[in-house]
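**Student:** Protein chains in written order, with numbering that gives the first Met the number 0: chain E, 0 to 386; chain U, 0 to 369.
In short, the hints are calculated from the structure, not lab data. Glycine residues also receive a C-beta, built at the ideal position from the N, C-alpha and C atoms. Take these hints with a grain of salt, some might be off.
Unchecked claim - In silico negatives: residues of chain E with every beta carbon more than 10 Å from chain U:
1) LYS38
2) ASN44
3) ASP59
4) GLU76
5) SER130
6) GLY131
7) ASP133
8) ALA135
9) LYS180
10) GLU192
11) THR214
12) LYS221
13) LYS267
14) GLY349
As the list claims (entries may be wrong) - Quick list of in silico lysine-lysine cross-link-like pairs, PhoX-like style, CA-CA up to 25 Å:
15) E:LYS304 to E:LYS58
16) U:LYS364 to E:LYS265
17) E:LYS255 to U:LYS364
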Amino acid sequence: MDLNLTESEQQFRDELRAWLKENLPNVSNSRSDIDYWKKLRDWQNTLYKGGWAGITWPKDFGGRGSTPIEAAIYTEEMAAFDAPERVGVIGEGLVGPTIMAEGNDEQKDYFLPRILDGSNIWCQGFSEPNSGSDVASLATKAIREGDEFVVNGQKIWTSFAAVSDWCLLLVRTDNDAPKHKGISALLVDMKSEGVSVRPLKQMSGDSAFNEMFFTNVRVPAKNLIGALNDGWRITITMLMNERTNLGPATYIQFKKALAELIETMKNKTSGGKRLIDDPINRQKIAQIQIELEIFKLTSNRALSKITNNAVPGPEGSILKIFWSELNQRLVQAAMEILSDEAQLQEFENGAWSYRYLRSRGNTIEAGTSEIQRNIVAMRVLGLPRSY
Amino acid sequence: MNFDLNKTQQLLQESARTFFTRECPITKVREIMESEKGHDSELWNGIAEQGWTGLPLPEEFDGLGLSYVDLAAVSEEMGRACVPSAFLATSWASALITASGNSDLKSKLLPKLGLGESIATVALQEDGSNWNSSTIQMKAKATDSGVTLSGTKRLVMDAAVANTILVVARQGDNLIVAVVDPSTEGLEITPTEGMDLTRQFYQLNFNNVAGEVLASGEAAESALKKSIQTGIIITCADMLGGMDWVLKTTVEYAQSRQQFGKPIGSYQAVQHQCADMLLLTESSRSATYYAAWALNEGNDEADQAINITKAYCSEAARVIGNCGIQIHGGIGFTWEHDLHLYYKRAKSNELMFGDPTHHREQLAKLIVGE
Chain E
0 MDLNLTESEQ QFRDELRAWL KENLPNVSNS RSDIDYWKKL RDWQNTLYKG GWAGITWPKD
60 FGGRGSTPIE AAIYTEEMAA FDAPERVGVI GEGLVGPTIM AEGNDEQKDY FLPRILDGSN
120 IWCQGFSEPN SGSDVASLAT KAIREGDEFV VNGQKIWTSF AAVSDWCLLL VRTDNDAPKH
180 KGISALLVDM KSEGVSVRPL KQMSGDSAFN EMFFTNVRVP AKNLIGALND GWRITITMLM
240 NERTNLGPAT YIQFKKALAE LIETMKNKTS GGKRLIDDPI NRQKIAQIQI ELEIFKLTSN
300 RALSKITNNA VPGPEGSILK IFWSELNQRL VQAAMEILSD EAQLQEFENG AWSYRYLRSR
360 GNTIEAGTSE IQRNIVAMRV LGLPRSY
Chain U
0 MNFDLNKTQQ LLQESARTFF TRECPITKVR EIMESEKGHD SELWNGIAEQ GWTGLPLPEE
60 FDGLGLSYVD LAAVSEEMGR ACVPSAFLAT SWASALITAS GNSDLKSKLL PKLGLGESIA
120 TVALQEDGSN WNSSTIQMKA KATDSGVTLS GTKRLVMDAA VANTILVVAR QGDNLIVAVV
180 DPSTEGLEIT PTEGMDLTRQ FYQLNFNNVA GEVLASGEAA ESALKKSIQT GIIITCADML
240 GGMDWVLKTT VEYAQSRQQF GKPIGSYQAV QHQCADMLLL TESSRSATYY AAWALNEGND
300 EADQAINITK AYCSEAARVI GNCGIQIHGG IGFTWEHDLH LYYKRAKSNE LMFGDPTHHR
360 EQLAKLIVGE
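So that you can see chain E by itself, here it is in the shape it has in the complex (with noise of 0.2 Å):
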């Protein structure tokens, strides 16, 4: 058991990060800056020039062929540096994994270079308002007309679906097998005609994600991706994907979070006490430090699992109820300490009151906490299905 990165995970670490003291470009977080999304693009771009684009990828893809444990190390940096948000993320982690191992020749000749160099931006089309949870209800209908498909239906909390160019979609292919052997995923340009996209907004004020209506669709047969009907099992893997994918950078940008606390409560009074020398904000504040420091130990067990088995182990699925249900409890202990004045957009740029609202999300989004304790319970416990 050993803890420290090896050298050669160490050398990884200190080449980014001169590559990122050279090369971070000045984006402010904010979407509402007109250039945000090209910014954006051009980062990608200029990763990719750098060979910092899909590194997990394979080096006959374009990729680094890093190890999990490196690309930890990535996505601590990026947030450790405050990079611009990686608008590959997902073309990079789902999309692209998926092609290249479903794939056909012409698919991966086009689409791989494309993702990595940030000339197509990806969405993923998966829910819908009447399959949440229960994704493989999926009700959005492909019918097969010569050589094309003719979409039509709605998806909805799509991330980055108003400036993506292209969408993994799921989609209904066979309405009479049972529900999870009907799906097919098809790639689909996002320019097409009877594409629609509407911002969602939401408690945060913020607009994440989005809806995407299909109308009458055209989606040429060649875009499918994998066997027809087979897009569940592609799924389940893009599924586990996205929720094992997200840990380093949390754990940076929770750990900020919290040091700007401790920062305010030195500076901050009550009652003429500072807010650092009360006993009570004091073991709030030690509780989830202790949290927040497990998280990242966890996480780090969970890479080192699959590094040296290549098969996750059961820290890996329970790394999602711990983060989002840590962030509730860190983004509530600081409103609790911080009080009153926490809730005015004044302060400190409504910061907090942003981030306690945007929270309230955390355990819904990317599985919800009750479907992964069922999965916790039934895969890794061997629980019977409750359902």
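Use these hints to put chain U onto chain E, whose structure you have.
**Tutor:** Coordinates of chain U only, in the frame set by chain E:
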């Protein structure tokens, strides 16, 4: 970065598991806990023969010179089997002697302790004290050969079977640690039964009891701190083993117990508690082995890691014990079922070496810097 135990450590852990399954099944646990001193010499000798009493002790004193990770691996198995023994008491005392810097007493005391030929314990707590050394007030008066001690110590583990008692006291303003032979005149040892039936606590009354000084002042403070950190590794690993036992036992029960025509494990309210038990156990595992590794490395993160693991495991063990009993329903609440043995052990572990509130404050000092 590799979080797994290496091959040798895995074998060590497996052999410990096999040993305790064979030498200390739960029937034996109940037998020992009913006995007067809660100590089984045969079991103790078996543990000593395996080398575990000397596991972390320096090889120059007949120890195995192994790491805190190895210590955690063996301790986890003791917790899994809920073993009643003087292992924690003796290990704490051995660690205190090792860290004291007193070469004479190290040479004199450690070999026997390492070989399991001698049992030791530490007398720290007093009426009104907590786990901050500043609250230790028992008076030590200087003599030609050492000190004499007067006062009362509480919650001293295994005092009735100890050959050596290390007493933490105060000489003037200085913290000191004194070595006392339990048969010395003026020392009265009284059993005080606690909730955890697998752990024997005693009250010690000192009336001008003679002792030899092991360490004093800064040396005593740092040795005490180091020894408590060792004790925390053992305690957290013990909790981890116990938690894992409760988790596995409860999942097994949920799979087999049927109500309303189905295994109760098919109901989500039960499933979700089990999932939470797994989350707490795996998180405790991360924390404990990390702390053991950090303590071994002697790096800056060790102090924080120790606070983190003690606070977290203490609460995890309690919650898991609660869920375990809840899911077992009525039968989980009986004396006959083994759950309460682990439940009570979790409580005494929670309190040992500082409860979560204590460790959170220590942690706050570290992260705030004041």
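**Student:** List, from low to high, the hint numbers that the structure doesn't satisfy.
**Tutor:** none
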